[in-house]
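**Student:** Same order as they appear, the protein sequences are chains A and B. When we follow full-length UniProt numbering, the leftmost residue of the first sequence carries the number 1, and every step to the right adds one. When we follow full-length UniProt numbering, the leftmost residue of the second sequence carries the number 1, and every step to the right adds one.
What the hints contain is simulated information worked out from the structure, not anything from laboratory work. Some hints could be false.
[What the hints assert, rightly or not] Capping the alpha-carbon separation at 25 angstroms, the derived lysine to any residue pairs in SDA-like fashion look like this:
1. Lys35/B to Val107/B
2. Lys219/B to Gly76/A
3. Lys438/B to Trp23/A
4. Lys438/B to Ile10/A
5. Lys218/B to Leu86/A
6. Lys438/B to Ala20/A
7. Lys219/B to Ser75/A
8. Lys438/B to Leu109/B
9. Lys123/B to Gly106/B
10. Lys438/B to Pro357/B
11. Lys218/B to Ile80/A
12. Lys264/B to Gly234/B
13. Lys370/B to Val329/B
14. Lys37/B to Ile367/B
15. Lys219/B to Ser78/A
16. Lys256/B to Ser238/B
17. Lys218/B to Gly76/A
18. Lys219/B to Thr73/A
19. Lys312/B to Asn243/B
20. Lys218/B to Met72/A
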Amino acid sequence: MKELTLETLIAVFQEIFGSALFWAMVVVAIMITLAFIFVLIRDRSIEGRYLARAELSAPIGGIAAILFVQYMTNSGFSDIGGPIDLIVLLMTGVAGAGGLTFLAYVVQAFTRRRGEER
Amino acid sequence: MKDLDQLTASRRAFLGMAAGSLALAGAAGPARAEKVKTKANIVILGAGAAGTAMANRLVERLDGAKITIIDARKRHLYQPGFTLVAAGLKSADYPVSRTTDWLPRGVDLIEEGAAEIDPEGNKVVTTGGKTVAYDFLILATGLKLDWDAVEGFDMNMVGTNGIGAVYAGPEKAADTWAAMDRFTDEGGKAVFFRPATEMKCAGAPLKYTFLTDDYARKKGSRGRVDINYFAHGGSLFSVPIVNEKVRMLYDDRGVKTEYNHVMKAIDPGKKIITFSTPEGDVETDYDFTNVIPPMVAPDAVRNSPLPWQSGKWVDQGWAEVDKETLRHVRYRNVFAVGDIAGVPKGKTAASVKWQVPVAEDHLVADIEGKLSPSTYNGYTSCPLITRVGRAMLVEFDYKNNLTPSFPGVIAPLEELWISWLMKEVALKATYNAMLRGKA
Numbered sequence: 001m002k003e004l005t006l007e008t009l010i011a012v013f014q015e016i017f018g019s020a021l022f023w024a025m026v027v028v029a030i031m032i033t034l035a036f037i038f039v040l041i042r043d044r045s046i047e048g049r050y051l052a053r054a055e056l057s058a059p060i061g062g063i064a065a066i067l068f069v070q071y072m073t074n075s076g077f078s079d080i081g082g083p084i085d086l087i088v089l090l091m092t093g094v095a096g097a098g099g100l101t102f103l104a105y106v107v108q109a110f111t112r113r114r115g116e117e118r
Numbered sequence: 001m002k003d004l005d006q007l008t009a010s011r012r013a014f015l016g017m018a019a020g021s022l023a024l025a026g027a028a029g030p031a032r033a034e035k036v037k038t039k040a041n042i043v044i045l046g047a048g049a050a051g052t053a054m055a056n057r058l059v060e061r062l063d064g065a066k067i068t069i070i071d072a073r074k075r076h077l078y079q080p081g082f083t084l085v086a087a088g089l090k091s092a093d094y095p096v097s098r099t100t101d102w103l104p105r106g107v108d109l110i111e112e113g114a115a116e117i118d119p120e121g122n123k124v125v126t127t128g129g130k131t132v133a134y135d136f137l138i139l140a141t142g143l144k145l146d147w148d149a150v151e152g153f154d155m156n157m158v159g160t161n162g163i164g165a166v167y168a169g170p171e172k173a174a175d176t177w178a179a180m181d182r183f184t185d186e187g188g189k190a191v192f193f194r195p196a197t198e199m200k201c202a203g204a205p206l207k208y209t210f211l212t213d214d215y216a217r218k219k220g221s222r223g224r225v226d227i228n229y230f231a232h233g234g235s236l237f238s239v240p241i242v243n244e245k246v247r248m249l250y251d252d253r254g255v256k257t258e259y260n261h262v263m264k265a266i267d268p269g270k271k272i273i274t275f276s277t278p279e280g281d282v283e284t285d286y287d288f289t290n291v292i293p294p295m296v297a298p299d300a301v302r303n304s305p306l307p308w309q310s311g312k313w314v315d316q317g318w319a320e321v322d323k324e325t326l327r328h329v330r331y332r333n334v335f336a337v338g339d340i341a342g343v344p345k346g347k348t349a350a351s352v353k354w355q356v357p358v359a360e361d362h363l364v365a366d367i368e369g370k371l372s373p374s375t376y377n378g379y380t381s382c383p384l385i386t387r388v389g390r391a392m393l394v395e396f397d398y399k400n401n402l403t404p405s406f407p408g409v410i411a412p413l414e415e416l417w418i419s420w421l422m423k424e425v426a427l428k429a430t431y432n433a434m435l436r437g438k439a
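The shape of chain B in the complex, shown without the other chains (with noise of 0.2 angstroms):
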């Protein structure tokens, strides 16, 4: 013990070494690869989840690259925490923040629309008449809620006579919240159903179901509340091992289910849904509902030649992308991220954080002149809520495999708490240092 006599406590040498040590841990992060240099022109369509990730991205890897964000929205939002709005567990303003918060330095801001985008002739035209050149497009554009297309919907309703809508905004989920938390004290029947279109996020039609019952029991009123889940095709999830799991537990909980039911109107004054089947049209009454509408790709994007050209989303606009490198098919110099991408899973914040890399990648090696070798699997992630405290992490790749982050420690269909923590404390923290490209 010779060495640990020789230690003296004086507190000057104690301060050093406390400052040396704090000095070594500040200075061991990780090696950044030398920026490239390139005076390639950069535009982005979309400053939400998948363009802000992507623009802190690329301004991390390029170095004197002209980099332009388009987006007239003020507000980015938080979407994966709509749902707890609607749980009344959030108040509206925990998914708002400012699309600014976000943005780099040396990003530049065009707080327009896109109207047009000509991958022809490389340019895009805004809303308010610019013609903004590119060399690089980067579809991040989201995609549209098509209110329109269910019949009989006034979004003035949402939060009287029963109506609730999740999708249509943090002020509506919150208005959600008020009509499901009178419609678990009252009781009656309520009815949920998804649509038949591509969706974001395909488990929170599930996962408010599921809140409702927990809501109803919760308070004592479940023997009053009739719960009702009208699938649009003949699975609940379209993963077939999550659809398994969700069929059990919806069978525990007493949850109703029908299969192949396309919602299409509402009839708030008489409190009844209309329902496409292969049978015809159906119709049920309801006391408490979340509409959730056809989605579609933005206008711009639908009027461009960018979409897939046959098959099934010809009606539906999602830019015809490779599924695993997120390069347009047609137009090379042309990516899709988040919602608008045209590939088979994964409407998610999750998607996105998988995504961007890859579309990045192959982005700055085109710039390089080199191949990149990354790839997309489809991953997406799902924290599916089951009850106020307990959600299942379901995560997922194109073949429909489970790829749990934790295997062996957190099981993909078990209801658990940790589950829960990640959705309510870690998810939203993720996404941030996501949009921040530190994730």
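Chain A extracted, bound-state conformation (with noise of 0.2 angstroms):
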């Protein structure tokens, strides 16, 4: 690749997903993080309850993230060949948990009973 800017990696998720399906998935991600960030600013806190109900989503996102790639992608898990090959495979799993689990403690924050104690 000649030279891999920002710009380019745009163009060329765009041309995967759809331009349109890629600023959706752009902005969602954008609102599930502005989301997290306001319950946080609301709270005050890091809410433990929701967290630690979260993070059990968690292994949840990262398995179908990976799951996801391999079924688009006609492979699995015989075809790792190398260290690049596992780290890519966790990282896939990382974001898959990371998003999930940020999804899942948004979701409880703002549908949590108006005057529950925290």
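From these two lone chains plus the hints, build me the complex, please.
**Tutor:** In structure tokens form, the structure reads like this:
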């Protein structure tokens, strides 16, 4: 690859997912992040109970992300050929786990019953 | 923590912050250089990968230029996808889009072929008889698959009698998959080879050999399948370090290798392929094969004064351009990009990606009356599939040096999953971005 700039990367991702889906995903990711920051500021702390429950969903997100990538690419665990492959696999898992944890936390924080004791 | 305490969680302030950061993200594009004003008349022959990328880039660089692109083909073909179609992983419509999908506004498309190129008179005559004059000519015609040069070959037979032809287009690649699928069920003798001319993606014949081996293994029929690769010269691949790796892998996979065998004829009735060798003609039987014909320049270029006038390419007709600037050595206002360029390496989309910005820069510099320092070092890339799910991301230049894009991260000579991911997911996207002039 001649030069891997942010613009090139964005252009490539737009081609992979289609422009509309790509930007929708970016917006969703930003919204979840902002929602997380919002509840953080609102609650002035990380709520332990939400976090614990959210963390329970992490393995599901991680495994789902890995299986999704393998399903989309005609490949499987036996194709892992070197250290970088393992790193990519783990990073995929971490991204899926992290994403679902954030989402689960935010959903709980927003749906908590009014007047619920913290 | 005084600042943090002052951050009240009012919804309005929060929404304002969110909107502000989104606006910032949107505005933070790279600064664009001012367009060069010109009345130049630029003709691009061919709306394939190279011609389309060039058109999109020139439109971004120039203001007022008249850009005409000449190509009769309605379909744009993503050729790196043919191997995936022939491996049964993608359908025949995967590589197909419309030529007009990719062309920018402000470019005139003449939907005809080129019949005659006259670089002395600075004009092109189309197959429809139109005469198109130019100030600058970009040759991006691609090449001609010379099926007629394969004695006994009949395109209608592809998909039957164990005959495959991955290069012949997406539909024929799909037919080839049907034949390979049958063959790896039934077993027999597979015979693979490549032509002795320059060719598109010299890794493709090797990949298809690997893929046939892989399917036979996965189906449990490898014991009944005999796989043979006949190299046209003394090596499997022109880059010595890659050649050694492929030789080792073929050894490991049980692919039998012969050297100095150039395919000349096929007899589908008797199921015999004839090779010419230094010791005379040699016949071999086959149950499955992938016919790859000699590749030459299209007739319009071959019949013009543009090809090499001496040396090893005289009978192949590639345009005689400087290998670093891609400028024609005799006609200074003519450039060649993509397969038609008579340079020692790379008839691949990856080469196109590196060649087009160089030729473009020299052309724009000419218009500005400046000199461009851009050079093309022969870079090309080949995600050499070694089985479904793994590939080697081989990248090299004119000097046969390996030029890894991710040194220390993605090893070029290792069979890796990440290289497969790139081939299957990122490559077409990168190619499309390149067509739009964005990569």
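**Student:** Can you confirm whether the C-alpha distance between Lys219/B and Gly76/A stays at or below 25 angstroms?
**Tutor:** Holds - the C-alpha atoms of Gly76/A and Lys219/B are around 16 angstroms apart, at most 25 angstroms.
**Student:** Is Lys37/B within 25 angstroms of Ile367/B, Cα to Cα?
**Tutor:** Measuring from Cα to Cα gives roughly 9 angstroms; hence the hint holds.
**Student:** Do the alpha carbons of Lys438/B and Leu109/B lie within 25 angstroms of each other, as the hint requires?
**Tutor:** This hinted pair holds, its Cα atoms lying about 21 angstroms apart.
**Student:** Measure nothing beyond the straight line between the CA atoms of Lys218/B and Met72/A; if it is 25 angstroms or shorter, mark the hint as holding.
**Tutor:** holds, 19 angstroms
**Student:** Straight-line Cα separation of Lys438/B and Ala20/A no greater than 25 angstroms?
**Tutor:** Within the cut-off at roughly 18 angstroms; holds.
**Student:** Run the distance test for Lys312/B versus Asn243/B: straight-line Cα separation, threshold 25 angstroms.
**Tutor:** Holds - the C-alpha atoms of Asn243/B and Lys312/B are around 22 angstroms apart, at most 25 angstroms.
**Student:** Quick one, are Lys219/B and Thr73/A close enough, alpha carbons at most 25 angstroms?
**Tutor:** holds, 20 angstroms
**Student:** Check the hint pairing Lys35/B with Val107/B against an upper bound of 25 angstroms on the C-alpha distance.
**Tutor:** holds, 16 angstroms
**Student:** Does the structure keep Lys219/B and Ser78/A at a Cα separation of 25 angstroms or less?
**Tutor:** Roughly 16 angstroms between the alpha carbons, so the hint for Lys219/B and Ser78/A holds.
**Student:** Within 25 angstroms, alpha carbon to alpha carbon, are Lys370/B and Val329/B?
**Tutor:** holds, 19 angstroms
**Student:** Tell me if the straight-line CA distance from Lys218/B to Gly76/A falls inside 25 angstroms.
**Tutor:** holds, 13 angstroms
**Student:** Check the hint pairing Lys438/B with Trp23/A against an upper bound of 25 angstroms on the C-alpha distance.
**Tutor:** holds, 17 angstroms
Of the hints listed earlier, there is not a single one the structure fails to meet.
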